[in-house]
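K.L.:
This is what each chain is made of:
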Amino acid sequence: MPTLRSFFARLAALFARQRRDRELTDELESHLQLHIDDNLRRGMSPEEARRQAVIGLGGLEQTKEIYRDRRGLPMIETLLQDLRFGARTLARNPGFTAVAVLTLALGIGATTAIFSVVYGVLLRPLPYRDSNRIMAVFELTSKGTPSRLADPNFDDFRDQSRSFQAIAKYGDNVASVSGARQPTRTTVANVSPEFLKVFGIQPILGRDFTAGDAKKGAGPTVLVSYGYWKQELGSPRDLSQSHLKIDGAIYSVIGVLPAGFRFPSDADLWLPADLGGENPSRTSHNYSAVGRLRDGVTVQQANGDISAIARRIHDISSEQGDYLLKDGIVVPLQDSITGQARSPLLVLLGAVGFLLLVACANVANLLLAQASVRERELAIRSALGAARGRLVRQFLTEAFLLALVGGGLGVLGAFWGVAGLVALAPENLPRLDSVSISIPVLVFAFLLSTAVAAGLGVFTAVRATSGDLRKALVEGGRGQAGAQNSQRVGQIIVAAQIAITLVLVVGAGLLGRSLMKVLEVNPGFRVDKIVAMDVSLPWVEDPKAKADQAIFFSKLIDRLKQIPGVRKVGAVSALPMDGGLPDGTFLLMSQNELPKTVDGFGLLRRQKERIGIADFCVATDEYFQVLGIPLIRGRIFDERDGPNSPHVAVISESLARDRWPNQDPIGHTIEFGNMDSDLRLLTIVGIVGDVHEDSLDLPPQPTVYVDLFQRPRSAITLTMLSDADTRSVTSAARGILQDLNPEIPAKFGTFSQIYSASLGSRRFNVILVGFFGIVALLLATAGVFGVMAYSVSRRTREIGVRVALGASSSDVLRMILSQGLRTIFIGVAVGIIGSLALTRTVESLLFGVTATDPLTFAGVTLLLVGTALLACYVPARRAMRVDPMVALRHE
Amino acid sequence: MTDKRDVWQGTLALMVLKTLQSMGALHGYGIARRIEQTSGDLLSVNYGTLYPALLKLEQEGYISSEWGVSDNNRKAKYYKLTRAGRKQLETEAREWEQTTEILARFLSPERES
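Chains A and B supply the protein sequences, listed in that same order. All letters in the first sequence, in the order written, are residues 1 to 891 by our numbering. All letters in the second sequence, in the order written, are residues 1001 to 1113 by our numbering.
Since the hints were derived computationally from the structure, they do not count as laboratory data. Fair warning: there could be bad hints in the mix.
[Stated by the list, open to error] Here are the simulated lysine-lysine pairs, DSBU-like style, with alpha carbons at most 30 Å apart:
{"id": "1", "chain 1": "B", "residue 1": "K1018", "chain 2": "A", "residue 2": "K64"}
{"id": "2", "chain 1": "B", "residue 1": "K1077", "chain 2": "A", "residue 2": "K64"}
{"id": "3", "chain 1": "A", "residue 1": "K64", "chain 2": "B", "residue 2": "K1075"}
Assemble the whole structure, with the sequences as input and the hints as a guide.
P.N.:
So this is what it looks like as structure tokens:
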């Protein structure tokens, strides 16, 4: 207690030191006077009285010193003293200080901003109770890739596994919802009853699903998100009157989920899955699955458990083929959400780390130059008795001052940076909403600044205080020996900078070349001037209702064609780059061998030579014209193809080539009813050009196109090719839909937006790595320039002597440049070796170039050598113009 | 003057506390004089040791100080015992007595036999 109390007293004494000092002087003075008074009373003469008193009391200043040490905390006082001194030193060189602080701010700020994305996306735990116990469960395909689950397979996982306390399947889709404020397109999740238990949450109002709610034919019920309940329903406490019309059916709202719960992402409504009964196929993969591990069960155990069940299914299932699962796998949900983003983000973190290193190297060089200017000061201090430790501490303090101020500025900058990153980030980057400058990010920034400070401080301190400081005094402050040494260190630093920059710029170059290669890919369709309009009608199964929907779309298309400026209107189940098409196996058949029963199809499916795999796309004839997908042979759909005439199909070029090699597929018939439950055969009537359906960097998918008016579906995207302004087309189209049916919401966009978003993550990486590369290049150039300029200014006298002895200015130029070139070449050589080793890590992000692309390496090397030589040339010019008389007198 | 001993640190605090207890509020010079007198002029207290000791006691909360005016009209800082100081004095005095008693037994063993 007294110790603590005295600590605080001493801490307080760090303030108002002058007042305290004055008080002590007064007190000691009064002590002395009292003593003199006593002595006088004893009969001494005034002089004698004073003399005796002073003798008896001991040294006044010494007493004050002891007293001060006891009063405050000497360690902190020394620190404050160092800080004050450091701050004064830094303030005396505002140029140096500003450059160093800003360079560090840039490095630390950029690293902090990128780390905040890495933390928010990859590291921050999911916002659920014990979220590390929540697992994603997948089937593994015959190729070993994870896939979604077929209903009977999920049921087996659920019933036979022992590893989960709760396991649920879920899917999501966008549905038309009315009954709230206004009809909207809302993300709706279909989930099995244990879904909320997996996440460890309960409705904050109302109740959770029961097993009864999920039974086939149960009364439709729905859970709503907190935001939906507040904004769309008007936060009623009593839910008994709340009903929503979702895709045409009426659902009772039974519960409200806690604020912030939006899983799967953007979901606002949760319905029981399979109210119409499960799909009995083991090869239709319709649902994702999540489970919460039982206490004490490890991920590996759960994995073994699921895998065993999956392999058993594989072995005994009557269905066979590529679409049947081969195995099963369990991975933590967080990893499964962020898996795709992991490697690009780590590459970015690595890149920004390199930038930070280059920035630190620049500051280290600045500090080194500073330190050699200060040799004289150091020599004096050390001559006056400062121990080496004290000087080292001085340097450390200054480095901390620089790094913490730089780090502080950097963090301020990172706030802007993060906002920019979030705006720039591709839409498919998961968990973007959890990216912010949070406490862990701030801690990271602080630790980073501290590490930078320690590194820089130790480096300069060791450099500056090694060797015999007194020599500097003897040499009159123009120490040549020490300077030689520190120049060598400076050159090593610059070489390292060049090496790191080269790695970074090579990385940026490879990514940039990949982006260019991707853009060179012919997508197979036109992108400009296309307005996309997503419309979804209630989902129906009855063929009559389906036909009505086709008529509705036909009417809608006719009306849209009348919008001024609109040239063509097509419709398609999904645009390329917009979520993808379903794929499946079709059967080659002839008209007369149609089996009577579903089992008959099962038999046919086992005959390998009958099977083909393709994407299934529903479209209208004008869709091909709108997107400019060329007809290669045959014809596209036309008036002949009514709902009751023979159904036709158009196939893509790659499918024709692969499935019918050396044959003409036109006229062949196929059965693809597993995609839309329509078993009527499709006759191939035409072949169209290939389309990069999923992404430009993946090969085109073989595709079967069917006619929307023969194979109607409820959700389509209308595509309008128009010369008119997008906004006017959009508002006209919205008016027409409103007019035809006010209850159907639509979503508008342009195809170029969708297309451009699909390149988002590649562009994001190129922009960031490219930016880091450019900044590193600038810093490295500044580093080369600084070291060379410093070297020239140090060698002024030497150059003067050389010129006086007859060296020509080109000799001088050659001397300086060759010195620079040596450094540059060492840096470049190390950089190339480093790049060869490190670009392997970005291999997965590359397209069309190898990680050792010679063109990129050569280009970057040239760029770097060129820039660095330019940076050498300016100081070299100055060296050439050295006037020997001035240089020699200068000493 | 040379035969006087400097007071040794550990005991000075106890002496100061005891002095303040018996004399009431007192300035630094007075405390020094009083300790010297009590020791029969065997000890000398210079301010290099006295004032840091007073500061330490004040920081620990055992004494408090206040500026006042001395008998002969000099401005001086007066120290007085706090309640915590009184308790501390009791504890320390007891410990000191124990220590001296034990030491005394060692130094005059014949009394034991």
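K.L.:
Could you run down the list of hints and mark each one as holding or not?
P.N.:
Here is what the structure says about each hint:
no.: 1; hint: B:K1018 - A:K64; in the structure: 25 Å, holds
no.: 2; hint: B:K1077 - A:K64; in the structure: 16 Å, holds
no.: 3; hint: A:K64 - B:K1075; in the structure: 19 Å, holds
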